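As a plain string of letters, each chain reads:
4 protein chains.
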Amino acid sequence: MLRFYTAGESHGRGVFTFLDGVPAGLKVDRSLIDADLIRRQGGYGRGERMSIEHDSADILSGLRHGYTLGSPILIAVWNKDFENWKEIMDPWAASHGRELYTPRPGHADLAGAIRFRHTDLRNVLERSSARDTAARVAAGGLLRSFLKALDIKAYSWVTNIGGIKFDGPLDRDLRDESSVFCPDPDTTIAMEEVIDKVKAGGDTIGGEFKVVLKGLPAGIGSYTQWDLRLDALLGAHILSIPGIKALQIGSGVECANLPGSMLHDEVLPTHPKSRASNNAGGMEGGVSNGEPIEVTCTMKPIPTLKKGLRSIDIRDGKAKRAIYERSDYCAVPAASVVGEAMAIIAVTKAILQSFFHPSMDALIDAFENHKRYWESL
Amino acid sequence: MLRFYTAGESHGRGVFTFLDGVPAGLKVDRSLIDADLIRRQGGYGRGERMSIEHDSADILSGLRHGYTLGSPILIAVWNKDFENWKEIMDPWAASHGRELYTPRPGHADLAGAIRFRHTDLRNVLERSSARDTAARVAAGGLLRSFLKALDIKAYSWVTNIGGIKFDGPLDRDLRDESSVFCPDPDTTIAMEEVIDKVKAGGDTIGGEFKVVLKGLPAGIGSYTQWDLRLDALLGAHILSIPGIKALQIGSGVECANLPGSMLHDEVLPTHPKSRASNNAGGMEGGVSNGEPIEVTCTMKPIPTLKKGLRSIDIRDGKAKRAIYERSDYCAVPAASVVGEAMAIIAVTKAILQSFFHPSMDALIDAFENHKRYWESL
Amino acid sequence: MLRFYTAGESHGRGVFTFLDGVPAGLKVDRSLIDADLIRRQGGYGRGERMSIEHDSADILSGLRHGYTLGSPILIAVWNKDFENWKEIMDPWAASHGRELYTPRPGHADLAGAIRFRHTDLRNVLERSSARDTAARVAAGGLLRSFLKALDIKAYSWVTNIGGIKFDGPLDRDLRDESSVFCPDPDTTIAMEEVIDKVKAGGDTIGGEFKVVLKGLPAGIGSYTQWDLRLDALLGAHILSIPGIKALQIGSGVECANLPGSMLHDEVLPTHPKSRASNNAGGMEGGVSNGEPIEVTCTMKPIPTLKKGLRSIDIRDGKAKRAIYERSDYCAVPAASVVGEAMAIIAVTKAILQSFFHPSMDALIDAFENHKRYWESL
Amino acid sequence: MLRFYTAGESHGRGVFTFLDGVPAGLKVDRSLIDADLIRRQGGYGRGERMSIEHDSADILSGLRHGYTLGSPILIAVWNKDFENWKEIMDPWAASHGRELYTPRPGHADLAGAIRFRHTDLRNVLERSSARDTAARVAAGGLLRSFLKALDIKAYSWVTNIGGIKFDGPLDRDLRDESSVFCPDPDTTIAMEEVIDKVKAGGDTIGGEFKVVLKGLPAGIGSYTQWDLRLDALLGAHILSIPGIKALQIGSGVECANLPGSMLHDEVLPTHPKSRASNNAGGMEGGVSNGEPIEVTCTMKPIPTLKKGLRSIDIRDGKAKRAIYERSDYCAVPAASVVGEAMAIIAVTKAILQSFFHPSMDALIDAFENHKRYWESL
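So the protein sequences, as listed, match chains Z, Y, V and W.
This note's numbering numbers the first residue of the first sequence as 1 and each following residue consecutively.
This note's numbering numbers the first residue of the second sequence as 378 and each following residue consecutively.
This note's numbering numbers the first residue of the third sequence as 755 and each following residue consecutively.
This note's numbering numbers the first residue of the fourth sequence as 1132 and each following residue consecutively.
It should be emphasised that the hints constitute simulated quantities derived from the structure, not laboratory data.
Treat the hints with care, since some could be wrong.
Calculated lysine-lysine pairs in the DSBU-like style (CA-CA distance at most 35 Å, straight line) [to be verified]:
#1 Lys-1158(W) - Lys-153(Z)
#2 Lys-953(V) - Lys-525(Y)
#3 Lys-576(Y) - Lys-318(Z)
#4 Lys-457(Y) - Lys-840(V)
#5 Lys-1451(W) - Lys-907(V)
#6 Lys-1158(W) - Lys-748(Y)
#7 Lys-148(Z) - Lys-695(Y)
#8 Lys-695(Y) - Lys-214(Z)
#9 Lys-953(V) - Lys-1125(V)
#10 Lys-525(Y) - Lys-318(Z)
#11 Lys-1502(W) - Lys-1217(W)
#12 Lys-27(Z) - Lys-1125(V)
#13 Lys-968(V) - Lys-1158(W)
#14 Lys-306(Z) - Lys-199(Z)
#15 Lys-697(Y) - Lys-214(Z)
#16 Lys-748(Y) - Lys-320(Z)
#17 Lys-748(Y) - Lys-463(Y)
#18 Lys-1330(W) - Lys-1438(W)
#19 Lys-371(Z) - Lys-695(Y)
#20 Lys-148(Z) - Lys-1217(W)
#21 Lys-1502(W) - Lys-1072(V)
#22 Lys-1211(W) - Lys-80(Z)
#23 Lys-371(Z) - Lys-907(V)
#24 Lys-907(V) - Lys-463(Y)
Computed from a predicted model, the values in this text were never measured in an experiment.
Please model the entire structure based on the sequences and the hints provided.
Here it is, written out as structure tokens:
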């Protein structure tokens, strides 16, 4: 049972990842974590904060000499700008004033203040901030080493920004060269233009990205209880990313329009059994079927607009324009990295719910054993 | 903390609902449960099984004299056809043969057999069957009384079958008169025609439905941890429904195409605060914002086709056409009832994670108290 | 992850066991379940209810042809006397009156009524009744087959009733011949005399029992997180049994009085490593060490006394003698069976948290593999 | 739902506490946390490590200006000696050798190495070390402010060291003056003598302590499900403390020897209802009954002896004396502080499972409301 939680405020000491249940003896590739953290900070359309300094993962517990101990892993992504926020965010010293009172539509500001009876909106936005996704990416980056040990690979790429779409296949090199993480140079330029336009207008824009996992054998996830299904697990993890408003598995919304005979993925008599198509996105009945896991995610535009939206002042309930806190114009490229991380976490959980062993040696044995059984069918 | 699980095989003794954590003293309206169960059995496009007899909920524990006890609630939806399946499904007597060997693409059959090393596919399909959704609907029907006590109402309706779409508002009477649970007579006829056509061709068809909850105050769900977010909770519950391949919250996939200034729901200085639009589907930052909760779900076509799809025989791995087990042609209307039930369960969980009291009296006090705070802002 | 819950009221339809996460393909020995259920009903000092009829387990889901399906298992232990309680316990029909108002000290009656704001104490006592332990024993009886498949055996026996103690070793035949489940004929007679005496005086008496599990290899349970420790797991399961007020692991309270050099179990260079003693009761640092798991449990006397204790009437708060509901004089023998069941459940959980596989075949492979590693050291 | 976990290795960066689900707006008294941390470091019989420097709690997230935010709380208790261990504990740099191979009987060393297939015992003992209890005490110290806001107080004191017992009542001043946290000067001296004696002999000694919570109203915890019972919850938390081998609730093991008429706590017609005695230790049927919560805990002697016990070398399985890692002679006083912390955590969980509100204001209202109901009976 993998336990994954995060902690931390946006302008506090840092954001933190708690990961309990990773088997012992996993060799962790440090560079994978930091590469993901840096990738998350990139992407055309980010605001100024990203330029401050590169995030990196500081392991506070659970690793020794490059290997997991089986102990809980705690990762810090320190806030390198904390000195400038010390007074505002001090855990103990009394408040200095400078509260925020005009909630931004689209953010948790107002709903969160009502939930917790906060009178200073900063008490909400510091935690509801997308800064928390750095902690999620750190977890995903670490567990990438776990999946790698099992020969499973995860990818993501941007497929739509503001209506400019790309539906070709992934070319990893092209994606890495693209400022918007879209593996097509022409679409990249068109997407940049959309972003430039909204930026110029003090506006923001959303989009779509795809996450794919390759190498997962059939039999991960379970149909036996609603909350053990791989689709439910992936759904919860990905829809928990700030700004994600839609999730499609495989052919997604297109499944409504095609008859069963055209949609279902026929079984071919290969070893292991493969499919004539992958409209199911690699899952049937909540269980992986051996084809690539494929999900498409829709992200709404960032709700912090330079031209503040209509809102209220929570002190008197009267109309007022929303506050503006330094922010991005388009975060879809960054979100694609977060989506990849959350998919990695969800799939790791599903694997560990299927084949658990306290040590990687024994777990890999068990996993190989399962793959042999699968391939023998 | 509400615990909700189901049990039961499709042709076994029945399907069962376990619900732990419902406050004591809730007056349960029995007719709401059975009405939902019957509604789930209906809808144009069902196969023959539905005609056998009406499902009904048999309360095995947790209720007394019409009120919840605070004890775990166990509900049985007995299989009235069990006598005919006794031998095939006997928990103790030795097997009689009659195993199933050709998995149906689109179902859990093959992936499930690989997971559990089952050699008789019936051991998979009996549990992965959509029959389990009766147990979910029983839970939803019971918790409908809980939401009613808090003045919250849930609805669902069909918005698309095989590409025939309806995007008007809900008229409950028209929906109840429609054979496909679509609140428009003309669209209903067009949808019936689509179903007739696939049925004639030995094929099946999917579609879309909408689920809406009204009356939920702002402040339910939390942005503080990924798994406490209302969107993650709803996502897990709804994507766990067999056949659901996409979930959209509020404007869903359209969020990719519109700028922030047009999408975000501005706050109006009313009491309680309302919004100029509801593109967020009633959730911001994972917290309810007081607007109706709105989700759209896409269901794939039923994978059991009269014209069996290409598959294999799991004994020798050689090509063979898939088995045909009595099934439906279109289950979108039924799925809309299941979606409503799962949304009810998810929202009830979120409420009980926000305001928990062991007794309904105290819980209603607390809830009213919260609503007053919300309205006072 | 094994999920174990129970449901059911004492005089309702029955008591029920929900068990989710048992691997598929486990051959279940039906006779073990019923033998435990009957053993639980026995023991010198029971009241009249036990004579009504023998409990037996009715499998409602999760088993087919004698094997687990990997699906959730639901077991009913029906109340054969339900016809006589139908009106009093009806889930739907309005109440008939006949409420109970004078709580019994030692039972949950008063505290439970305050928690749930119940005004009829029957709403508490029906669920807090020890009748629920039949559902726990059914779970233990089923999981005994799981442990048997791994060559692990569980035993329990009574070591003290009202101060009459036995501290010799277990002789299973003698225990089975003893009316109080104590493997010594002379002590058995002395214990019977104690029970006769309290019975004659309208009083009740408690005692102690021991639970031992043999065959568990080293390495089950974990020191890495507080709630994964085997001692915490066993503690929660056993202290949840009604009436249990103390739990001792290994030498238990004696650990306070002896120096480390005399208490700790030295490691001997055998294969696998064994210990010179077992004062730790088979656990070190929350992890099994290969020696027998040994716990001693203390049960308080049954709180329902013929000579009612001083109490109040909850309608007016005035002094009144407690109600008397048909009950036992001594339930220590029965509790020893329940303790064994809860220990079996706890250890099964710990094993499945250590070596999980969806199928018994793969799980047994993994378990044997682990045992080989252990023995090789 | 309160989530409480710890992380951290004994000689690593520090130990860490993760606490999620504490309501927002709780004013935290910083001095209570540090006082507990310092108290945990004290007690006659500690080894040299304790003298290095005082522990203190560094809040990394979840607090602002002295109040909780409703966000997850992360606390660091930094290891001030880390510089000296940097190389040995580095998360990334390759190992330098200096592995440990001879497990200490009584510790997790051997069982843990078998579980995780560790070949360097340091990989076990760094996490299984009692150093982790500093993180638990930090959590208890923080939640003490929560209980204080509800007028609940927690105490602990030492009642036995190596057979020298004290069974009088608590006098907090005397306890605080006692080097062994025993509120009796004469017993304190006798206990010191026992410790001096074992220390002189290169040996160690255990003992007993009591934990009491006052002010908890009736109705906390539930009889409705085994894992919601207050006794199960307390049991799991306290038995998870390293070295605790027995737990007694109220009269504990004495419950075996007395008849029901002498043991059960009769209800008196006071407001709120009180009891003529408290043999039940404040819990009946798994629910608090308004009397003080009272538990007695037995701790075994520290397993690290200067005169190493018989053990083996895990490289060749041959006999060898156990390693000696700097340690204490008697840790019962420290353990009493840890027991108090774990009881505070368990009771806080039980309260939040009974009356949850996201903000302290609303929670206190609800709690007062419940107390009024209780007192009105």
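Here is what the structure says about each hint:
1. Lys-1158(W) - Lys-153(Z): 46 Å, violated
2. Lys-953(V) - Lys-525(Y): 51 Å, violated
3. Lys-576(Y) - Lys-318(Z): Given pair Lys-576(Y), Lys-318(Z) is violated - Cα atoms ~58 Å apart, limit 35 Å.
4. Lys-457(Y) - Lys-840(V): Given that 35 Å is the threshold and the Cα spacing comes to 23 Å, the pair holds.
5. Lys-1451(W) - Lys-907(V): 32 Å, holds
6. Lys-1158(W) - Lys-748(Y): Distance ~25 Å between Lys-1158(W) and Lys-748(Y) Cα, so the pair holds.
7. Lys-148(Z) - Lys-695(Y): Given that 35 Å is the threshold and the Cα spacing comes to 32 Å, the pair holds.
8. Lys-695(Y) - Lys-214(Z): Holds - the C-alpha atoms of Lys-214(Z) and Lys-695(Y) are around 25 Å apart, at most 35 Å.
9. Lys-953(V) - Lys-1125(V): At roughly 49 Å apart (the allowed maximum being 35 Å), Lys-1125(V) and Lys-953(V) break the hint.
10. Lys-525(Y) - Lys-318(Z): 32 Å, holds
11. Lys-1502(W) - Lys-1217(W): 52 Å, violated
12. Lys-27(Z) - Lys-1125(V): Given pair Lys-27(Z), Lys-1125(V) holds - Cα atoms ~25 Å apart, limit 35 Å.
13. Lys-968(V) - Lys-1158(W): Since the Cα atoms of Lys-968(V) and Lys-1158(W) sit roughly 50 Å apart, the hinted pair is violated (cutoff 35 Å).
14. Lys-306(Z) - Lys-199(Z): 9 Å, holds
15. Lys-697(Y) - Lys-214(Z): Roughly 27 Å separates the two Cα atoms, so the pair holds.
16. Lys-748(Y) - Lys-320(Z): Cα-Cα ~23 Å, so holds.
17. Lys-748(Y) - Lys-463(Y): 52 Å, violated
18. Lys-1330(W) - Lys-1438(W): 11 Å, holds
19. Lys-371(Z) - Lys-695(Y): 19 Å, holds
20. Lys-148(Z) - Lys-1217(W): Holds - the C-alpha atoms of Lys-1217(W) and Lys-148(Z) are around 29 Å apart, at most 35 Å.
21. Lys-1502(W) - Lys-1072(V): Holds: Lys-1502(W) and Lys-1072(V) sit about 19 Å apart, inside 35 Å.
22. Lys-1211(W) - Lys-80(Z): 22 Å, holds
23. Lys-371(Z) - Lys-907(V): At roughly 32 Å apart (the allowed maximum being 35 Å), Lys-907(V) and Lys-371(Z) satisfy the hint.
24. Lys-907(V) - Lys-463(Y): 33 Å, holds
Of the numbered hints stated above, those contradicted by the structure are hints 1, 2, 3, 9, 11, 13 and 17, listed in ascending order.
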